[in-house]
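Asks: Sequence:
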Amino acid sequence: MPRSRSDAPARPVAPWVRTRLRTAPRAAASLALLVLVTAYLAAALPRAVDRYEAEGLRHDVRSAAPRDSVLELTTQPPAANLTLSRREELLAPGVLQDQRDQVRALLPQPLRTDPGQSVHGIRTVERVTGTDAWLPRPDGLPPQFVLSSPSGLTEHGTLTKGRPAAGTPRAPEAVVTAETAGALRLKPGSVVHVPGGVTPEPVAVTITGIVEPRGPESPYWAVEPLLRTPSFTPVVGEEIRYYWQAALLLSPASAPAVLSTTGEPEVYFRFTPTSDHLTGRDADRLSTALDSLSSGPDLVKVRAVVGPTAGLTTGLDTIVDAYRSMRGAIGPVVAVAVFGIGAVAAVVLAMTGGLFVARRDGELALLRSRGASLTGIGLRLLGETAVVTAPTAALALGLAVATVRPPDGGSDGIPLGPSLLAALSVALFAMLVLPVRAVVLHRRPRLHGGRNDLVTARPSPRRAVLELTLLVLAVGAVASLRLRGTSDSGDHLVSAAPVLVGAIAALVLVRIYPLPLRWLTRPARRLRGAIGPLALARAGRAPSTGMLPLLALVLALSTTAFGGSVLAGVADARDRAALLATGADARIDGPVAWTPLPEGLVASVRGTAGVRDLAPVQIEYGVSLSSPQSSSTGSTSAPLVGVDPASYARLTAGTDLGPFPAELLASTGKGGAGAVADTERVLPAVVSSTVAERLGKTPLKVVSASGTFRVKVVAVRSATPAVPGAHFVLVNGADLTHRATTTLLVTGPVDGDALRSVVKAKSRTLSVAMRGEGRAAYVNSPLQSGAEEVYLGAIGAGAGYAVVAVLLSLLHGAPERRALLARLRTMGLTRKQARRLLGLEALPQAVLAAVGGLLVGWATVPLLAPGIDLFQLALATTPGLAPLGSAPLRADPWSLLLPALAAVALTGLAAAGQAWWAGRRGSIQELRAGDAR
14 MPRSRSDAPA RPVAPWVRTR LRTAPRAAAS LALLVLVTAY LAAALPRAVD
64 RYEAEGLRHD VRSAAPRDSV LELTTQPPAA NLTLSRREEL LAPGVLQDQR
114 DQVRALLPQP LRTDPGQSVH GIRTVERVTG TDAWLPRPDG LPPQFVLSSP
164 SGLTEHGTLT KGRPAAGTPR APEAVVTAET AGALRLKPGS VVHVPGGVTP
214 EPVAVTITGI VEPRGPESPY WAVEPLLRTP SFTPVVGEEI RYYWQAALLL
264 SPASAPAVLS TTGEPEVYFR FTPTSDHLTG RDADRLSTAL DSLSSGPDLV
314 KVRAVVGPTA GLTTGLDTIV DAYRSMRGAI GPVVAVAVFG IGAVAAVVLA
364 MTGGLFVARR DGELALLRSR GASLTGIGLR LLGETAVVTA PTAALALGLA
414 VATVRPPDGG SDGIPLGPSL LAALSVALFA MLVLPVRAVV LHRRPRLHGG
464 RNDLVTARPS PRRAVLELTL LVLAVGAVAS LRLRGTSDSG DHLVSAAPVL
514 VGAIAALVLV RIYPLPLRWL TRPARRLRGA IGPLALARAG RAPSTGMLPL
564 LALVLALSTT AFGGSVLAGV ADARDRAALL ATGADARIDG PVAWTPLPEG
614 LVASVRGTAG VRDLAPVQIE YGVSLSSPQS SSTGSTSAPL VGVDPASYAR
664 LTAGTDLGPF PAELLASTGK GGAGAVADTE RVLPAVVSST VAERLGKTPL
714 KVVSASGTFR VKVVAVRSAT PAVPGAHFVL VNGADLTHRA TTTLLVTGPV
764 DGDALRSVVK AKSRTLSVAM RGEGRAAYVN SPLQSGAEEV YLGAIGAGAG
814 YAVVAVLLSL LHGAPERRAL LARLRTMGLT RKQARRLLGL EALPQAVLAA
864 VGGLLVGWAT VPLLAPGIDL FQLALATTPG LAPLGSAPLR ADPWSLLLPA
914 LAAVALTGLA AAGQAWWAGR RGSIQELRAG DAR
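Just so you know, the sequence shown maps onto residues 14 to 946 in my numbering.
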């Protein structure tokens, strides 16, 4: 019999989700805010990484010297067995233009070129001699010319005199730049003769005009500077003789004339790459495309267009490889921070779900006792959180897309997939943590009133297995990181090593947590008053779910400490490298080695504002040191540095670069012009370790421009301010035969412009190097600065999540604490005592977490330091060119202590604030008769 409408189940009076959101709007808003921040960080991170990687690649290509980045395709001219007229036809301007367009269309993606800076033409590989007697010959040597016909000369040069070149292959015409015309005494109407290669008759090139380059630093002119500026070149023989090198810019119609010269002509096509479209994801494709163009399938296609002898020359592949190397070194270091802050965020979200479950524990237990199924409860809780988290995560994704834009500010360029996946992961985790936790806790009926605290809790076998699994993973990750380093960017277990170490430490702290409480309970009983014993008893009865706050704090503190140590290590490496390069706050040198500084410079520099001290030194490079041990070992060389012991000892002490007492280099009293004949005098010397091994214990005779004498090692140091290398010999400058100050080391916060003005007033050839400017030069890549910003963001996010963890931990037991304070106030508890009680109750776990985080951070850095080298992140150069060989990771005391102390102080302040707020509220609700609490 069919059921009537009256027999159908009654529809609920109010929907579950809407009712719950209306009854707890603040909880829903808090969850939405936490999800918004977490999802935004998760969605913005891949976009930020993609952005700084794209900026880094574009910067490297854009800032490279034009001759290092251009693609130059060269080929031999038409075969010599063809008639001259046929060869000239194949080199006509239209033919070369068509070949250039075809080659440009064959360039594989992501290679793109700038047509405005691309050039093609014919040139002589070997320079040809100008035979005219009227051409300048400084030392009797005739000038030599490059004959070149670059396309687009009218667009890249301004005609200042004469007319544009036209001509024919039989009567070639050319123009020259203003600098070439001035140096070679050329003018419109001049005729330059060069030797002919086909007939004995020379080839006459008529100069028709003078041009001024537009944008002389542009790739058009910068790749071959000789086209713009003549070169005064030396010829080294028995004596040094000079001659001029210059370029004659032939018209495209006259270009085939080079076939009639002795200059070995070649056809060239030069393409200037653009970088505005490149992203970090294009680096591998770009490297593959360059390999294919250099010696692959694309080179075959190009040769089919321009000739079988075509070959590509470029330094762009070196630039891309250097970028990939730096990215490969920086990426895993950044991944360590990402894993750390991701773990902290996950724990905080889990804490939020635990707080909501704890607040609704009675409600859910009542539903279970009245027959509600776990599936029904889980689905309803999932609906509650989904309504809040799904739109919030979508909003966070939109904010990340709106705020983290591509490098060019456009609307595309950064893929949406990684950000979408990250925001979706945060939303799913936030949605599932509440229903899953509730279902797990209420899967079977529970007795009311049983203790569930850290002191009485007994770990289950499953938890023991989980802890052992984490321990094995942590040991494996640390061992792998120490052995292999961060070279394998795909090994996420290695990047998660600090997180795993922090998780193991938190689990150990949870297990030993009851022990210090028991140790403190006994002496606390002897104290006057009940606040101390009561606070310790309350701390011991903290719920067993308190492991999550402890884990969150330990992970946050260890992540912050690790990130702070990384940033401190980067800063220290840059400071050290800049100091090794300059030797002091400022360094003044001559234009070449062994150039004495002008008279009066020391006094002028000493009077400059900000100068605290000066150390004049005399440096002679390449002094030969023959080994006294064996004649078969040959000789080596090292810089000989003559110093003023007093000022130089102050400098070494201030910079911590091989400090030594001034008495070690006490003067022998035998120096100056009067000691020329005394070649057997022995000078005390401070040397490097390698030089000390070379010299031995016997005084070694040194023959140098500063004099001839013997040196005896009195101290060995690893570094010294005067020279950046690992080889040096320091002696007292007063004992040298020929004295001259060649370098001035300045100490103090002197202004670079002011110092350069003082030096320039004495000589315009001197160079001034500032330590601060050298340090700034080590940060020249967006790849480095972007990675540092990620680490700064990780430190800030870790601190923020630590604050949230502390607040959630206190809110977890807030109702119980309010009830306790209300009852104790009826027994005479004052507000001051209430603040002390809550503060002392919260401090044990906070102190334990702070000590744990400090110890984990302190232990993690030396554990992982052998596998992490901060060189690429710190220094924008290659290891062989940097003053430092490596930049190891070291623990930073401030990064360890400050977060730990801040966590304890924050916990105390939050507990005091909770007591103050509870004191302002009435006690009627907490003291109701029959209250189950």
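Hints listed in this document are in silico derivations from the structure and should not be mistaken for laboratory results. Warning: the hint list may mix true and false statements.
Stated by the list, open to error - Dumping the calculated DSS-like pairs for lysine-lysine here, alpha-carbon to alpha-carbon at most 27 Å: (1) Lys725 with Lys773; (2) Lys775 with Lys725; (3) Lys725 with Lys714; (4) Lys710 with Lys725; (5) Lys174 with Lys200; (6) Lys683 with Lys710.
Asks: Does each hint fit the structure? Answer for all of them.
Replies: Hint check results:
no., hint, result
1, Lys725 with Lys773, "violated, 39 Å"
2, Lys775 with Lys725, "violated, 37 Å"
3, Lys725 with Lys714, "holds, 9 Å"
4, Lys710 with Lys725, "holds, 7 Å"
5, Lys174 with Lys200, "holds, 8 Å"
6, Lys683 with Lys710, "holds, 22 Å"
When each numbered hint is compared with the structure, violations occur for hints 1 and 2.
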